[in-house]
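> Residue numbers (our numbering), protein chains in the order written: chain E, 1 to 516; chain G, 1 to 483; chain W, 1 to 286.
Warning: the hint list may mix true and false statements.
[Claimed, not checked] Some chain W residues judged to face chain G by a derived CB distance under 10 Å, without partners named:
(1) 7
(2) 51
(3) 53
(4) 60
(5) 91
(6) 93
(7) 98
(8) 226
[What the hints assert, rightly or not] Chain E is faced by these chain W residues, among others (derived, beta-carbon under 10 Å):
(9) 94
(10) 208
(11) 225
Don't read these hints as lab results, they were simulated from the structure. Everything numeric in this text was worked out from a predicted model, so none of it was measured. Just so you know, even glycine gets a beta-carbon here, dropped at the ideal spot from N, CA and C.
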Amino acid sequence: MGTHVQVLRGRYHDSVTLLATSRAVASVAGVGSAQVAMATPLNLEVLESMGFTAPAASPDDLVVALRLDDDLLHRGTDDEGVVAAAMAAMEAALTRRPSSGGGAVEEPDRTTAAALRRAAAPLVLVSVPGEHAAAEAWDALDAGSSVMLFSDNVAVADEVALKREAARRGLLVMGPDCGTAVVGGVGLGFANAVRPGPVSLVAASGTGAQHLMCLLDAAGVGVRHCLGLGGRDLSADVGGLAAAQSLRMLADDDGTELVVLVSKPADGAVVERLASLASELRLTVEWAVLGAGRPDLTEVASTLCDRVGSAVPTWPSWRPAGTPAPSTAGLLRGLYSGGTLCDEALAVGSLAGLGPIASNVAFDPGWPRLDASGPRALAASLADAGHAMVDLGDDTLTRGRAHPMIDPSLRLEALADAAADPRVRVVLLDVVLGHGSHPDPAAELAPAVSAALKESDALDVVLCLVGTADDPQGTTGQAEVLAAAGAHVLASNAQATRLAAALASGTPAAGAEEGS
Amino acid sequence: MTVLLSGPVDVVTAGVEVLAEALEAQAVGVRRVDWRPPPAGTAADVRTVLADRRRAAANATAVSRVAAAGAVLADVRPASEALGIEPGTFFHAGPPLTFERASGPMRGALVAAMLYEHLATDPDDATAQLEAGRLRDGRPIRLEPCHHHGTVGPMAGVVSPGMWVFEIADPGSGRRAFCSLNEGLGKVLRYGAYGPEVIERLRWMSAVLGPLLRRAVRRRAASTSGPLDVRSIIAQMLQMGDEGHNRNRAGTMMLVRELVPELLDAHDDADLSMSDVADVIRFCNGNDHFFLNLVMPACKLALDAGRDVPGSTLVVAMARNGTDFGIQVSGTGDAWFTGPALVPDGLYLGDFGPDDANPDIGDSAITETAGIGGFAMAAAPAITAFIGGDAELALATTRRMYQITLAEHPLLQVPVLGFRGVPLGIDVTAVVRTGVLPQINTGIAGRVAGTGQVGAGLVTPPAECFTAALSRLSTLARRSRTS
Amino acid sequence: MAAPEVVAVAASTVLSDVLTGPRQPARVAGAGDRAGYAVTTGGDVVALTTPSAAVPSCAVVLGGGRLPVEMMVAGRDVVIGEGEIRTAGHRLVVRRWWAPARITPGARSRNAASCLCALMGAGLPVPAPVARARSAGEDAGLALVEGSPAVAAATLLGVLGLGPGLTPSGDDVAAGLVLVARALGVPGAGALAREVAEAAPSRTNAVSAGLLAEAAAGRSAAVVVRAVDALVGRAPAESSLRALLSLGHHSGADLASGMLSVTSALGPNVPTPAGPRILVPTAPRA
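From just these sequences and the hints, can you work out the full model?
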C-alpha cells in the first residue's frame, strides 16, 4: 500500500476549501484516501494517527497526504501517474472560484426606495432637481438611511420636515444645497482627499469647510468626518435641526475627539441652543463663526492643532518664478470661486488698511456694491471699481453655466480684463482641488496667469490653493505649475489675502508671509 | 455609534453622474438610481404624499392584509340568490358607465344578457330598451359596476340575475367575492357576442353546469378535505407555467382534477344524468380559461382586504369597462380615478387586425392588481406565444413590476426568479415617479358589438389614473396634517 | 501583454508605511471566499477584501466589482509599495485612507457578558481542538486577572495555531482575550498582548499572526471592536454580539469565548464610571 506525502510551502487555504479539495483528490482513480490540510501541529498529529509519516512543516504550509490504491490493474497506471493526477485535481479544486451567479440582467432601480429595498446603504446622495429631491430623501429616511441633499431649491418646509423625521429616527439629513461632506474619509460632492484624524467638522459652508480640512490635512492632524448642513440650517426657520443631530451623532462617535462648527454668523437663539446641547452631550465644540473681527480659517486651524496637541506647521507656499514686480501701489482684484473664501478675503482685507473694497457680496454696508447681475454687468462694474472682491460662484453669474470650480471660463475672462486694466496691481484667486472640481485647473489657469503677467509688468497674481496631497489633481503638481507660471501660491487663504493686500498697498516687505 | 459614522460607507446615488463617479474613484461602493423626472405638475403631490407620515405604516398594513387573505371555493349559486340582483339590473366590468358611452362589446354583452333574461325579443328590441334606460314594462334598467358588489367579471363582465356565480370566501375574515362562470372561447357574451349559440350556451350553463358544479362544490366543502383552496391552486399554477390571467391551463386542470370525483359520486342522487356530468367535465376541460373565473374573485377578495386604510397608496382595483380605465386606492375610499382605456398591443386571431380591436375591457386586471397575470409573466414564458414577445420580455416585465410594488407575495412565487414572491401591491406614488405603468396581459374584444374575441396582447392603464389618484391622496394628506 | 487594469482601493491607515513606502515583493499566503491575504518579506499582512463590518484592520478595500483573482490564489507573487499593490493583471491604487476601529479603554459596565453567554449557550458541540483552545483561554483569563500575565501568556502560546481555519481557534481565543483585557484595563494586559504578538509568527500561519499583532495593538474588524464595546457597556449588546457570533466558521464564537474568559474571571459586574476619552494619534503621513 503506497503513500505519498508532499509539503507545499507558504500556501494557505481555508478549511472549507481544503475539505472540498480533499474530497476532489480522493475521487481521483487510484487514490484510496486523501488529506489536504494546513500543516498545523494538530493536523500533523492527525496524519500520524492515520499512519502517514508527518513531514517537517510549519503552520503556513500546505500538506498533501495520499494513500494509493493497491490494485494496479484496477487503476491502470503507475504510482507516478496517480500522484500527478491527484496533484492536478488538487490544483484545480484550489483555484476554482464560485461562478458569477447568473447572467440575467436586473432592472435598474428607478427610485431610491427600490434601490434601498434591494440592499440597504447608510447614505443616499441626492442631486436630482430641487422639486424632486425631497421625494428621494423621504425614500432614504423611510428605509433607515441618512441623506446628503446636494440639490438646491428645496422648500424650507420640506427641509424642516425631513430633518425632524431624520432626528426622530437617529439619521442625518445634510443639506439641501450641501456641496461638501466627508464621512469616514469618503468625500461627497466637492471634497478633498483628507487623511483620517481626530477632528470632525459640522459645516454650514462648503468651501470654508474644504479649506479648513485641507489645512488640518497639511498639519498632519487629519479629519474624521465633515457633516454638511446646507446654507439654511442655522437660520431661525430651520433652527439648526441638522447641526443638533450632527452633534448628537458625533458625541457618540468614538473616533471624534474634537468638533468644530464652521458657519457664517448664524441666528443667535439657534447658536445658543446648540451650545447648550453640546454641553449636555459633554462634547467639546470649537465654534468657527466666520466674519469681520473673528478668527480666520487659518487661525481656526492653528487653534485646532493646539487643541489636539499637534504642532502648528508653516502653511505651505510656493514662490513665483520670474522677477518680482516693482513695489508700487495699485488696485486689488479678488476673483473667487469659493463663496466662503471670498467672504474670508473681504474680512481679512478689511483689516489690511486698503479702505473700501467693492464686492457683489454684502459685507460692509458702507462699501460699494458691484453689479453682478450678469457677466457683462460685472465686467462693466469692475472697470470703474477701486479695490474689488468678486464671488464668481454667485447664482446670478452661474446661470446657464457650470460653477467656476468646474468651468474656469468666466474667471479667465475676468483675469484678462484685470491684466488689461493698468490700475490693477494684484489679482487674488482661489483654486479648489478635490473630488468634483475641475480635473486639472492649473492646465487652464497657468497659461492665463502667464499671459496676464506678460501683458502687465506691474502685476502680481496671488493664489490660494485649497487641496491635499492625496487629491486626484495632486496639490504639489498643481502648485508647481501655477508657481512656474508666475503666481504666488499659498495654502492659506488668509495669508494669500494679506500678501495681496500688502502688494496692493506697495509695501516692500510683502513677501514676508510666504514660507518655504 | 451610528451606522453612518462607524460603518463602511457605501452610497446610493440619485442624480448627477459625476458625483457617483467621484465616489467610485475613491473605492466606494456606489449603486445608482436610474432616476428620471416624473410627469410635469406632479412633483408637489409626490412630495406631499411621501411626507405623509401615515403612509409607510398604512401601506404595510394594507399590503399585509392583501397577502394574508385566503380564498376557498364556498359555493356556486344563481346571481339573483347570491347577490340579490333584480331583473333589469346588470353588473358590468370596470368603473361606472352609461349605456350611451358603452363600447361595442359592452353593448353586445348587455344585449346578450337582455335576450338571455327574456327581457327582449331580439337584439334591436334589447338595444332600444337599453337606450331608453327602461324595460318595456317601465321598470328602470340599472347598470352597476361589479366591483361595487364584491364581484368581478372578465371582459364585459356582465352579470344578470339568472346567471350562476362562483362564491369565494376568505376563511379568516368570512368575507366573500363573486364571479360568473366562464363561457369558453370564441363567440361568447363576455366578448360582446349575442348570437343564438351564445344565448343557448348561457341557458345550458344555468340549467346544467351551475347546478352540477354546485352539487360538486358543496359535496367537496362538506368532505373531510374541506372546501377547495383556490389560493393554493393559484400558487401551484404559477409553478406550472400559468400566470393566472391569460394562461390558466394548469389551474383549470387542477380544478377539474379536484371536482371530477365529486361530480361522479352519484350514490345519493338517482336522478343524476351521467351524460350531463360528462358534458360538464368536457366543457370545463375544453376551456383553458375556466379557472380564470376563480382566480379573479380570489384576487378581489385579497384586495378588498386592503381597502380603506387611511394614508395608504396601495391600488386595490384596476378595471376597465371598454371605454374608461379606472383604479381605486386604499387611502381614497370608493373613488374611481379614470382615463380613456387604451387599445392592447398584441396578436390577432385569423383575419382580424388592430383596426378591429376595442379599447381595453374587463375586471380581469384584478389579477395584476394582486401581483399575478402580467406581473407574474416570468412564471409563464409560454404566454408570449399567445400575446407576442419572447421569454426575455416575460422575465423583464416581472422584474420591472418590482419597481412599482410595495412587497413580494409570501406564497405566490416565481420559480425562475429563484422562487422570489410575485411583485405585490401597486404603489400609486411609485407609478407616478417612475413612469413605469402596470403591465396587463389581456384578451382583445372586437370593436363591433357581436364580434367576440379578436386577439390577445399587452396593455397598460392610462397614466392619468395614477396622477389623479395621487392628487387626491395629496389633498387627503394635507387635510390629515391640519386636522 | 495588456496594461494592468487600475482599480481604486481604500486602505487602512495601519498600512500607511507599507503601502506608501518603497516597492517590495509579497506573496499571497492565503485566501478565503471574500478576502485574499498578501504577506511581505517583512511579515506585514495586507488583506484585500470587499466592504463589510468584518474587514480586518490591516485591509485594503475594493469599492465595487470583484476581487482580482491573482490576489485570491495562494502562492502568487505581488508587489506592494509606492501607493499601490501590483499583481499580474491589476494595479490596486490607494485613493482613500480609512482609520480602522480600535478598542477604547474605559468600561461602563460588564452586564453584556451574560447576554453573550446566553447567545452562545445554544451553540453546537465543537471539535476537540476548538474546545481545547477555549478551555486554555479560560485558564489564561483567570491567570491574568489573578495577576500572573506570564502564566496567562504561556497558556495562550500553547494553543496558538490550534484548530482549523485561516485564524485557528487558539488564535481567535487569544485575540478576543487580549482585546477585552485592554478595554477593561486589566493590569498586565499590555504585556500579555505583546508576548502573544511576538510569539505568534513561529506558532501559527503568517496571516493569523499578522491579525493577532493587530489585536495586540487594540485594533480589529469593526464588528469585533463593536462587540468588545458592547461587552464593556459602550454599545447596544444584543445586535453587536449576534453580529460577532455570525462571523465565519468558529471564529466569532472563538473570539467570544476569549472575551468571556476575562469578564467571567473578573466576576460579578461592578459598574465603573465612563473612562476618559483618549486622543487618537495623528494620521500617519507618507
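> So which of those numbered hints doesn't the model satisfy?
5
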